[in-house]
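Trainee: Chain by chain, the residues run as shown.
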Amino acid sequence: MRSLIDILDFTTEELDQLISVANDIIANPQKYSEKCKGKKLATLFFEPSTRTRLSFEAAMYELGGNVLGFSEANSSSAAKGESVADTAKTVSCYADIIAMRHPKEGAPYVASLNASIPVINAGDGGHNHPTQTLADLLTIYREKGGFNNLTIGFCGDLKFGRTVHSLINALARYSGIKVVLISPKELMLPGYVKTDVLEKNNISYTETTDLEEVMPQLDILYMTRVQRERFFNEEDYLRLKDSYVLTPDKLNEAKSDLSIMHPLPRVNEISVAIDDDPRACYFKQVLNGKYMRMALILKLLEV
Amino acid sequence: MNIDSITNGIVIDHITAGRGMLLYDLLGLNNKDCSVALIMRVNSRKCGKKDIIKIDSNISVDFDVIGYVDPNATVNIIRDGKLIEKRNIELPEKLTNVIKCKNPRCITSVEQELDNIFKLTDKENMVYRCIYCETKAKIGK
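Here the protein sequences line up with chains A and D, keeping their order. This note's numbering puts the first residue of the first sequence at 1, with every later residue one more than the last. This note's numbering puts the first residue of the second sequence at 1001, with every later residue one more than the last.
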């Protein structure tokens, strides 16, 4: 029995296989509409989330399965002091697979050690969010036809952005990737990601504070939000939150086939005027997330 | 300074100078009902200065703890006044309930009954990470 806690739990072959299944689901949705008939997904969301929970629920319904669960800790036994281990054991009696979001890092891993059914990490604090990475990978694959020899710019909060760290981890296993890191000095990619992931895998990377300067070389621009909840000091947040705001004029020098991605939600870092630009991919990412979650559920349930 | 030889027990020798107290604490020797000598910063031909711990009893000690604090330490087992075994210490692959995760966002910070488990992720640099949140452990903290 497998679970997905960290994107690195899966080999590149397994990720490629998920992408292939997701593409087949997109092409032939009817073929999959009853694959999970009689199966139940438990969505255990100990902190609020709109898109991830709805995406999991939509994924399971489109596979013909059912969903049960809760969307905040107050409406679960956690409010009474139940441990994650006991919750996982209990829910294993009711459902066939668990998707868990928890504010504490490592909680889904604890669940996977105690559940008798597969567990999917749907986000654990600022630690991991592997199904967002699955959505990102499918988006890149569908936009670019593969992962090799791409120049990918990550822009914004590279220090706290877990989606950036996970995606870099996943992409570092492909060849010919070039990474451009665009951030204010205070929000640069942590040193350990550079040494343990980029340098270890011989990935070429550059760091800059100037988005427009590097725009012409990018195949993909991955924008991120500066997250208020990661700052201890409101002043620092206010000073940094508008570091990068992508507006149509900044795309003048960009490639015509650039793909603009964002894990969402956005605040103001991508102007709404860009939404209709054919290069904007962030809402496609949302849809791709659902297809990858469908492929993931099928894989973990072995159906 | 003279410390008597022990008859039955354990001598942990060649501890990097300054780490003896930490090892004493992590082995929980203050709670053991036996004589223990912690000798710090003595001259050593092999390593300049070193710490030594002598435990005058056949208690069991956790060799993983010794390996975590100082993989270069040596352990001598003494029976009837004679050295019967000399053990070399290695870095343990896993540490269970030896150190606590300091990350306030880690699940172990709210679920006290969970074992605090760290895995060796980088042998060369002696890096241990929490198995739950992957926070790096700093030796002795």
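Calculated directly from the structure, the hints in this document are not laboratory data. It is possible that some hints are incorrect.
Unchecked claim - List of simulated lysine-lysine pairs, DSS-like, C-alpha gap at most 27 Å:
1. A:K144 to A:K80
2. D:K1094 to A:K89
3. A:K200 to D:K1046
4. D:K1136 to A:K80
5. D:K1049 to A:K185
6. A:K159 to D:K1102
None of these values were measured; they are calculated from a predicted model.
Trainee: Run every hint past the structure and note whether it holds.
Mentor: The hints, checked one at a time:
Distance hint between K144 (chain A) and K80 (chain A) is unfulfilled; the C-alpha atoms sit about 48 Å from each other, more than 27 Å. As the CA atoms of K1094 (chain D) and K89 (chain A) are separated by approximately 25 Å, the hinted pair is consistent with the 27 Å bound. This hinted pair does not check out: K200 (chain A) and K1046 (chain D) have alpha carbons roughly 35 Å apart, beyond 27 Å. In summary, the hint linking K1136 (chain D) to K80 (chain A) is not supported, as the alpha carbons are separated by about 31 Å, beyond the 27 Å threshold.
Between K1049 (chain D) and K185 (chain A) the CA atoms are separated by roughly 43 Å; this puts the pair beyond 27 Å, and the hint is violated. Of the supplied pair hints, the one linking K159 (chain A) and K1102 (chain D) holds, its CA atoms being roughly 19 Å apart against a limit of 27 Å.
Consistency with the previously given hints fails for numbers 1, 3, 4 and 5, ordered from lowest to highest.
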